[in-house]
Amino acid sequence: MIEVIFIFFYIGLFTIGGGMVAIPLIQQQVVERGLITEEFFHVIIAIAESTPGPIGINVATYVGYELYGIIGAVLTTTAFILPSFLIVSLLAKVIIKYRNNLLVVFWFLYLKAAVIGLILYATVNIGERVFMPDGIKSFDFKVLGLTALLSILFYLLRKKPWIVIIFGAILGMIFL
Amino acid sequence: MVSLFHIFMTFFKIGLFTFGGGLAMIPIIKRDIVDKGWIEDEVLADYIAVSQVAPGMIAINIATLVGNHLRGRKGSLAAVLGVALPSLIIITLIAMFFKTFMEIPLVVSALKGILIVVVIFLGYAVITMGQKAIKNFFLLFYALLVFSAVYFFNVSTILALMSAFVIGTIHAFILYRKRADQ
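The listed protein sequences derive, respectively, from chains A and B.
Per this note's numbering, the first sequence starts with residue 1252, numbered consecutively.
Per this note's numbering, the second sequence starts with residue 1108, numbered consecutively.
Isolated chain A, as found in the complex (with noise of 0.2 Å):
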């Protein structure tokens, strides 16, 4: 449990641009470490992209309650926030005064472009899953279909993504 508990609070300082980039992290430490499965990872993230609050937190919470019950919830969400809430209310002053000094411009350049190449990770391996449950060659049609129609729903609906969910869940109840 304290080894869990110290990959969030790992995962919390690295999560760097938002909660997307929390989802390959997790998903490499707690995966790959053989805690969770990954078509249950991947239904854990289902549920918190169509549940209110940040994502990163939602995933953290439901990783620890799945982990550890009650208990494991609250002690992963905490872990979780505890690095930016220190590091943010500590450093707030020395963040905003070296916002623009050479090397931090730079630091932050190159993180923002790993962070891209993370969340494409992240796109790719959920992605390979969605439309090929079971390698190559059993690519299904029918996910490629829905998802071009759900891309135009969500292109006309981009301000309100949860109208673009609900469509996701009907569709799928009906056609998967």
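Worth flagging that the hints you see were computed from the coordinates, not collected in a lab.
Certain hints may be false.
Unchecked claim - From the structure, some residues in chain B lie toward chain A, with a derived Cβ separation under 8 Å:
| hint | residue |
| --- | --- |
| 1 | Asp-1142 |
| 2 | Ile-1155 |
| 3 | Ala-1161 |
| 4 | Pro-1162 |
| 5 | Met-1164 |
| 6 | Pro-1193 |
| 7 | Phe-1204 |
| 8 | Thr-1207 |
| 9 | Ile-1211 |
| 10 | Ile-1227 |
| 11 | Phe-1228 |
| 12 | Tyr-1249 |
| 13 | Val-1253 |
Glycine included, every Cβ here is placed at the ideal spot set by N, Cα and C.
Here the structure of chain A is known, so what remains is to put chain B in place on it, guided by the hints.
Below, chain B without anything else, positioned relative to chain A:
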């Protein structure tokens, strides 16, 4: 002075009603805190900028900074508790009962549909965030290198992020030397 309870409730509402968190919370902060004159627009803009570069989730960072601005340490604690509590309650409740629902085929199908939407959201994040972050070919190459390292060679995601500090430092150092030479 803003009461700790008001801070807590404002951020509780944010946690309860914003999907995806992060920048979606800003309109509520504007309405409940800026419009009441407790924080200036420019200060909030500064905090939002810092939240995006500081470690941790944007939602937590904004809550910490705004809470701290309003009532110091206690304020930041009230704000962070407020923003995280709805997730903790809702997700724990769902997790408690979800195993039973997982037996229903219709629920499984609905989740499959939602997962497609998640992939679309992630892909959209890659494109929109990428347009801002990838400023030249070298950065594109670097982002793809990070992707390949993690995807094909199972390199740790944390190690991949650490590489940004190394390359960033080298790049800044080269530029600094160039400037010094001129």
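Quick rundown of the hints versus the structure:
For B:Asp-1142, the suggested interface contact is broken, since its CB lies about 21 Å from the closest CB of chain A, more than 8 Å. Contact between B:Ile-1155 and chain A, as hinted, is not supported at the beta carbon level, the nearest pair being about 12 Å apart and thus beyond 8 Å. Taking 8 Å as the C-beta cut-off, the interface hint given for B:Ala-1161 holds, the closest approach to chain A being about 5 Å. At its closest, the beta carbon of B:Pro-1162 sits 5 Å from a beta carbon of chain A; the interface hint therefore holds under the 8 Å criterion.
The criterion of a C-beta within 8 Å of any C-beta in chain A is met by B:Met-1164, whose closest approach is roughly 5 Å, and the hint holds. Hint status for B:Pro-1193: holds, given a least beta-carbon distance of 5 Å to chain A, under 8 Å. The closest approach between the C-beta of B:Phe-1204 and any C-beta of chain A is roughly 11 Å, which is over the 8 Å cut-off, so the hint fails. Taken as an interface hint, B:Thr-1207 does not check out: its beta carbon lies about 14 Å from the nearest beta carbon of chain A, beyond 8 Å.
At about 10 Å, the closest approach between the beta carbon of B:Ile-1211 and any beta carbon in chain A exceeds 8 Å, and the interface hint on this residue is violated. With 8 Å as the threshold, the beta carbon of B:Ile-1227 comes within range of chain A, its nearest partner Cβ sitting at about 5 Å, so the hint holds. Of the supplied interface hints, the one on B:Phe-1228 holds, with its beta-carbon coming within about 7 Å of a beta-carbon of chain A, less than 8 Å. The criterion of a C-beta within 8 Å of any C-beta in chain A is met by B:Tyr-1249, whose closest approach is roughly 5 Å, and the hint holds.
A cut of 8 Å between beta carbons decides the hint on B:Val-1253: the least distance to chain A is about 3 Å, and the hint holds.
Hint check: violations occur at hints 1, 2, 7, 8, 9; the rest are consistent with the structure.
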